[in-house]
Amino acid sequence: MSSAKNQAEKIKEISGVNPLKCMKCGKCSASCPAFNEMDIKPHQFVSYVQNGDIEALANSKSLWKCLSCFACVERCPRDVQPGKLIDAARQLVVRQKGQTGLAPEEIPELLDPELPQQLLVSAFRRYRR
Amino acid sequence: MQRIGVFVCHCGSNIAATVDVKKVVEMVQMEPGVVHAEDYQYMCSEAGQAKIAAAIHEKNLTGIVVCSCSPRMHENTFRTAAQRAGLNPYMVEIANIREHCSWIHKDMEEATKKAVILARAAIAKVNLNTPLQPGESRVTKRALVIGGGIAGIQTALDIADAGYEVDIVEKTPSIGGRMSQLDKTFPTLDCSACILTPKMVEAAAHEKIKIYTYSEVEKVSGFVGDFTVDIRKKARSVDANKCTGCGVCQEKCPSKKAPSEFNRGLNTRSAIYTPFAQAIPNVPVIDRDACLKFKTGKCGVCEKVCQAGAIDYTQQDEIVTEKYGAIVVATGFDTIKLDNYDEYAYNQSKDVITSLELERIMNAAGPTKGHLERLSDGKHPHEMVFIQCVGSRCSDNRGKSYCSKICCMYTAKHAMLIRDKYPDVNVTVFYIDVRTPGKNFDEFYRRAVEEYGVNYIKGQVGKVILKPNGKLLVQGSDLLDNKQILKEADMVVLATAIEPEPSVRQIATMLTASIDTNNFLTEAHPKLRPVESPTAGVFLSGVCQGPKDIPETVAQAGAAAVKAIGLLAKDKLMTNPCTAKADELMCNGCSTCANVCPYGAISYEEKEVNDHGIRETRRIAVVNNALCQGCGACTVACPSGSMDLQGFSNRQIIAEVDAICR
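Note that the protein sequences, when read in sequence, are chains A and B.
The numbering of the first sequence is the numbering used here, which starts it at 2 and goes up by one.
The numbering of the second sequence is the numbering used here, which starts it at 803 and goes up by one.
Isolated chain A (complex conformation) (with noise of 0.2 Å):
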């Protein structure tokens, strides 16, 4: 595996995001309706990668609790975009455990109750590119 900082500037490069321009107003907490099912908060992303704190995140009930409803992308004044960070982050996670493509014939297999809808929603749209 690679090391903490190396996964923070992938989890950058995938979601094209700039934690930087963060200024913690928290509008992606006070938008995001899995809130109250999430250990480490959407405002709270920004902060674990910009920490290098990714083995947390990767962990983290958030990143099977987003729903993807880019309710926070849409409404950030910075620009950040939080969702993409957690969608990068999933995608980290799904891409070590060696699933690098992912083919529509693919798809009826993978479906699990358990697996969040929007995680192949998400996966499907950046794998198919």
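Bear in mind the hints are in silico, worked out from the structure with no lab data behind them.
Everything numeric in this text was worked out from a predicted model, so none of it was measured.
Fair warning: there could be bad hints in the mix.
[As the list claims (entries may be wrong)] Examples of chain A residues toward chain B, derived with CB under 10 Å:
(1) S30
(2) F36
(3) K62
(4) F71
(5) A104
[Claimed, not checked] Computed cross-link-like contacts, EDC-like style, restricted to lysine to aspartate or glutamate with a CA-CA straight-line distance of at most 16 Å:
(6) K1285/B <-> D40/A
(7) K915/B <-> E1009/B
(8) K25/A <-> E833/B
[As the list claims (entries may be wrong)] Anything over 10 Å on all C-beta distances counts as not near chain A; from chain B, calculated:
(9) Q843
(10) E1020
(11) D1318
(12) I1416
(13) R1417
(14) N1426
(15) V1459
Beta carbons: idealized from backbone N, C-alpha and C, even for Gly.
Given the structure of chain A, go ahead and fit chain B onto it with the hints provided.
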């Protein structure tokens, strides 16, 4: 051939630590025209200037090169020193070996080499310099102030008190501006109108001040000291000389459905109206879009009831042309449109309002006569939520990137006023940061928390939901408790970002005054010339330059007035001689230069020329030296190469380039 003296400054260790100044002196002595070279610790000191003067006398110098700091720092010092010693000041050139050399390099050998090259370029230029004489232009001793809010009023009063005539042009029917819409002012909570109206009255009564209300600046030409301005006096449809201001016309007007601009559209007004009771002048205008007489031809009630016979449906717009020496822009601000912020439900609920709308609701002359009530059902609210930074500090293209500066303070004011008048109302403020720098400002905010029990929550609001029962559900963050908060509210107040009054764009274009990406007017220097526009003779007052509160606006208004007075006090202005000039024999009158000139300085004349014995009349470009700022755009655009900038001629610049590349 010039006799040039070169003076190399050590600037203490600023230059000498990186550039071998002795070596520079040695090298420049070999340059053509150089008859004298020396170095000194501080060339700008009295002793340094004396050295220049002495060399001018002893060596009969005709040109000077000073190798020192940026010409922005001391060009004037050295030109003046040379002039005192009898040399034309435009025979002095600066080689910038500090900012352009010693400060940005580390290696002494390389830096010394570069310093020599820069000196060489300046020497090459001086070899081609010719003495230049600044021209003179006259000063019209009258100022124009665009905008009749507190900024414009204060500027006008200060200029008028100094004894100069001032005209105020205000586009609405009354002076007063935004401040007249405010209920109370922070941090003293005194009544806004009570402190503003005396100033309005003073301006109206001042013998040196002329006020054009319901008027707009239509055209500006001319230049510093001598502007010519066309002012459009929009048809009031009421004869100001006859009207007594009795108000009967407004009472009887049957068309009462036009939204009141003064009350931010929260209620309606009659078609013939004065914006507010203390309006100056107290002369109504007819809103022709709302007036039945103008729309259908069938009404004329106001004409019938007017005892003074002041109603005049046939009035036309009138253009007044006036000359001014100085122009002050004081166009103020408006709140941004909230169409991009669906999440706050502003367009869905009447009970979601902007702070400026709350000012009108809290005001005794407002749509609710000063009673705090919901605009949807007239009920008294019990829970009020304030949302800060709506559209401010945004880098997402929906809002403004800057902090609007006044919102933290006015929200604390609103919260306090509400808690004071209605102790049964709970007030919650969602904030990102509370920014209260200013005299007695933070104390004011703390009073809201400590004495009035206003609940401040750190965190932005994500969305406001209109519930079927008419209440508002506010979903926000509490970042300090790491919670998401759902709060039911009766009214939500949005601290909406402010932006420059949109019409300032056209005004800036007319004045060739520069504006930034947010439409704020740009200062000549952000620190050292904060109330002057880069365009000579144009000054800035109030929020048109950047967000500010009333005390800051008044202070800046005074500063702008002083700058304008400083200009008007002069009988003649010295013009910069480094202006463009067309070679009459080469110019073919193609108009290319006039099209690129940003200052409107170029016109054309039919002129008789003698081209090698052929006498004929040709169309030739003529540069107005008072208007030309010496930018050089025309010299580049000119296809025949006839345009040249005096003091920066094409030959001089090429000589510099050649000297550098030698």
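Here is how each hint holds up against the structure:
1. Below 10 Å, beta-carbon pairs count as interface contacts, and S30/A has one with chain B at about 4 Å; its hint therefore holds.
2. For F36/A, the interface hint holds, the least distance from its beta-carbon to any beta-carbon of chain B being 4 Å, beneath 10 Å.
3. At its closest, the beta carbon of K62/A sits 15 Å from a beta carbon of chain B; the interface hint therefore is violated under the 10 Å criterion.
4. Interface restraint check: F71/A against chain B, minimum CB-CB distance 13 Å, threshold 10 Å, status violated.
5. With 10 Å as the threshold, the beta carbon of A104/A stays out of range of chain B, its nearest partner Cβ sitting at about 35 Å, so the hint is violated.
6. For the given pair, K1285/B sits about 11 Å from D40/A by alpha-carbon distance, which is consistent with the 16 Å threshold.
7. A C-alpha spacing of about 65 Å is found between K915/B and E1009/B, which places the hinted pair above 16 Å, so the restraint is violated.
8. For the hint linking K25/A to E833/B, the alpha-carbon distance of about 61 Å lies beyond 16 Å, and the restraint is violated.
9. The Cβ of Q843/B sits about 45 Å from the closest Cβ of chain A, beyond the 10 Å cut-off, so the non-interface label holds.
10. No beta-carbon of chain A comes within 10 Å of the beta-carbon of E1020/B; the shortest separation is about 39 Å.
11. No beta-carbon of chain A is positioned within 10 Å of the beta-carbon of D1318/B; the least distance is around 20 Å.
12. For I1416/B, the condition that its CB be more than 10 Å from all CB atoms of chain A holds, with the nearest at approximately 66 Å.
13. Distance to chain A confirms R1417/B as a non-interface residue, since its nearest Cβ pair spans about 68 Å, more than 10 Å.
14. For N1426/B, the non-interface assignment is confirmed: its Cβ lies about 47 Å from the closest Cβ of chain A, beyond the 10 Å cut-off.
15. The claim that V1459/B lies off the interface holds: its Cβ sits roughly 41 Å from the closest Cβ of chain A, which is beyond the 10 Å cut-off.
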